[in-house]
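Make a model of the complete structure from these sequences and hints.
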Amino acid sequence: MFESFSIVVFLGTAIRLAVPLVIAALGESITERSGVLNIGIEGSIIAGALCASLAALEWSSIFLGMVFGAIGGGLVAMVFAVFVLGLNADQIIAGTATTMAGLGFTGAIYQARFAATGSVITLPVLRSFEIPYLGEVPILGPIFFQQSITVYFVYLLVPTLWYFLFRTSWGLELRSVGEDPAVAEESGISILFVRFLAIMFGGLLAGLAGAHLALDSGTFIENMSGGRGFIAIAIVVLGRWNPVSIAGAAIFFGAASALQFLFQSSGSDLPFPLFLMLPYLLTLIALSGWFGRTKAPRSLALPWPSKSR
Amino acid sequence: MKGHDAWVALAVSLLALLLTVFLTTGALVLGGYSPLLTFQSLLAGSFGSLDSFFGVTLVRAVPLIVIGLAVTVAFKSGVWNIGAEGQFYAGAIAGVWVGLNVGDYPSYFSVPLVFLSASVAGALWALLPALMRTRLGVGEVVTTILMNFVAIHLVSYIVRWPLQEERGVFPNTDLIDESVRLPTIVPGTGLHLGFVVAVILVIGLSFFFSNTSMGFQLRAMGGSQEATRVSGRSSIPQLLIVTFLLSGSLAGLAGGIEIAGRSFALYEGLSPGWGYTAIAVALLADLNFIAVLFTGIFFGALEGGAGAMQREAGIPATWVAGIEALVLLSVLASDRLFRRLLRPRRKED
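As given, the protein sequences belong to chains S and E, one line each in that order.
Going by my numbering, the first sequence opens with residue 1, and the numbers climb by one from there.
Going by my numbering, the second sequence opens with residue 1, and the numbers climb by one from there.
Quick caveat, the hints were computed from the structure, so don't treat them as lab data.
Errors might be hidden in some of the hints.
Partial list, computed: chain E residues near chain S (C-beta under 7 Å) [to be verified]:
(1) 31
(2) 150
(3) 328
If you only want the chain S side, here are some residues facing chain E, beta carbon under 10 Å, derived [what the hints assert, rightly or not]:
(4) 71
(5) 97
(6) 98
(7) 101
(8) 111
(9) 186
(10) 187
(11) 188
(12) 227
(13) 271
(14) 274
(15) 277
(16) 280
(17) 281
(18) 300
We treat Cβ as the ideally placed atom computed from N, Cα and C, and that holds for glycine.
Next comes the structure, spelled out in structure tokens:
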């Protein structure tokens, strides 16, 4: 009885920890499907966390926190878009700069606004609530249906994005831009416009992921994104650019972190860093093609128009 | 042609710095700080006295220069090594392990051994992404990022389990023995021999890339892999592996130098993201080895002066991270704008 209880807690925690990862990774997967590798989403996540904190503090509203978090993430992604699409700068360098700028300036703004007071920010906290009926299902109920609103948002987002990508003409256009922009342009698609929308969508979701981080923990800490932008990029690879598999891959990463909490709270001396390492090693193995060929969008990270380099 | 390029590069960097100063001033005014006081205290903290220049700025510059060289080698040859952070940690792990276990030998034996093991470890850390790129065609951006995380968690394991300090309380290793530490070169400051090593590396790499056949082939590959393939004179996979290993060993060596020269122990967060800052160091230098020496010192001054800026102007040290990002964004912007202006003329030659 006790055993099953702790497994329920463990899996529930895994899902909770996976939420920001899956939201950011889903956004990044759409960006990457258009052929753009945005390694600056770490910057969007931390900006989302700060904007969500400021908004939630100002209006004591979780909802407005989420909205402004997403907007903050989108604004940072817009900087990336200006460099990559407007100036045709290299995506990797522009992404690195975006991440550095996001981490640096959120820290600076936070310090300017709060450090003088010396107090910790206390925000309204995301609460979990039970979905009627579903939440009462034994074992599965507590794991999947006694969670916060962001978790339920993910349940809707995954199938929606899957449908969008593989069953709508817009999804087809997006994928064709990522696979072969030259051909897509010939069929009348504006490459830069599609990529701009894809980058902005990725930024909005990364910002939302940041908002979740802040509102789930009830506070803002400098660098609280903790490399999740980079982890999300790994998750996209492990999930092979498919929303459903991405959700699975994110839960796997979430479970590795949940193990750490489990070990530490139970006073176990098992080396938790080695478990935290596992998902990255698995992603490397997946990239090597051990589970079948993992194919990235063909024009990923390449400049467009390609001649001007 | 070559001279022309160098002038363009210098102009791009200077314009970028001007842009950075302009943007930083704007940000500071918006934040309600005095820009003048900020720049003054930043300068005083990094160049104001012997100790601040040798003991703070140059000490801070050493890892940035050496990792900056690692990034330069990679980017120049067309390899997107974003994994310098992980390779640095691999080198630091090997360096501290050798440093703790080498036993009682004279410095001229133990210190080179630390350097050697750190370089080898860094190179090995880059080997997997190298093989994945050459054998399987998997791009190195994601794989090197993944290896960074593996390294960071490995450090976290090592300082809590196998190499934890004797009492088993804190997450760090014991201090390495005096005989394994680098001597200071400016008495009374913390400036250690690592700076000399960095300067030698700058000169050596500069010579290697401009005067040897291998250096020429690497540069050619960075310019256009297609041309190298068509010319058929050099094997691209081999050149790629050489690039990865050279870049990784430099980043790893930086880890060894940091252990033997400054920290004397390994702990989590030994590098505050130098692997990424070094990308800015390399790009501000326009991937020129000699220039990396100066841009490394420039970033060292920024990070070193941050403390004084916080104390004297009341500006949080985190602003420096923002300024560093502005430098990189300004370099990108001015580079793209300059090259765009010059493009029509380039087509003629």
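Evaluation of the provided hints:
| no. | hint | result |
| --- | --- | --- |
| 1 | 31 | holds, 5 Å |
| 2 | 150 | holds, 5 Å |
| 3 | 328 | holds, 4 Å |
| 4 | 71 | violated, 19 Å |
| 5 | 97 | holds, 4 Å |
| 6 | 98 | holds, 8 Å |
| 7 | 101 | holds, 4 Å |
| 8 | 111 | holds, 4 Å |
| 9 | 186 | violated, 23 Å |
| 10 | 187 | violated, 27 Å |
| 11 | 188 | violated, 27 Å |
| 12 | 227 | holds, 7 Å |
| 13 | 271 | holds, 5 Å |
| 14 | 274 | holds, 6 Å |
| 15 | 277 | holds, 4 Å |
| 16 | 280 | holds, 5 Å |
| 17 | 281 | holds, 6 Å |
| 18 | 300 | holds, 8 Å |
Hints 4, 9, 10, 11 from the list above are not met by this structure, while the remaining hints are.
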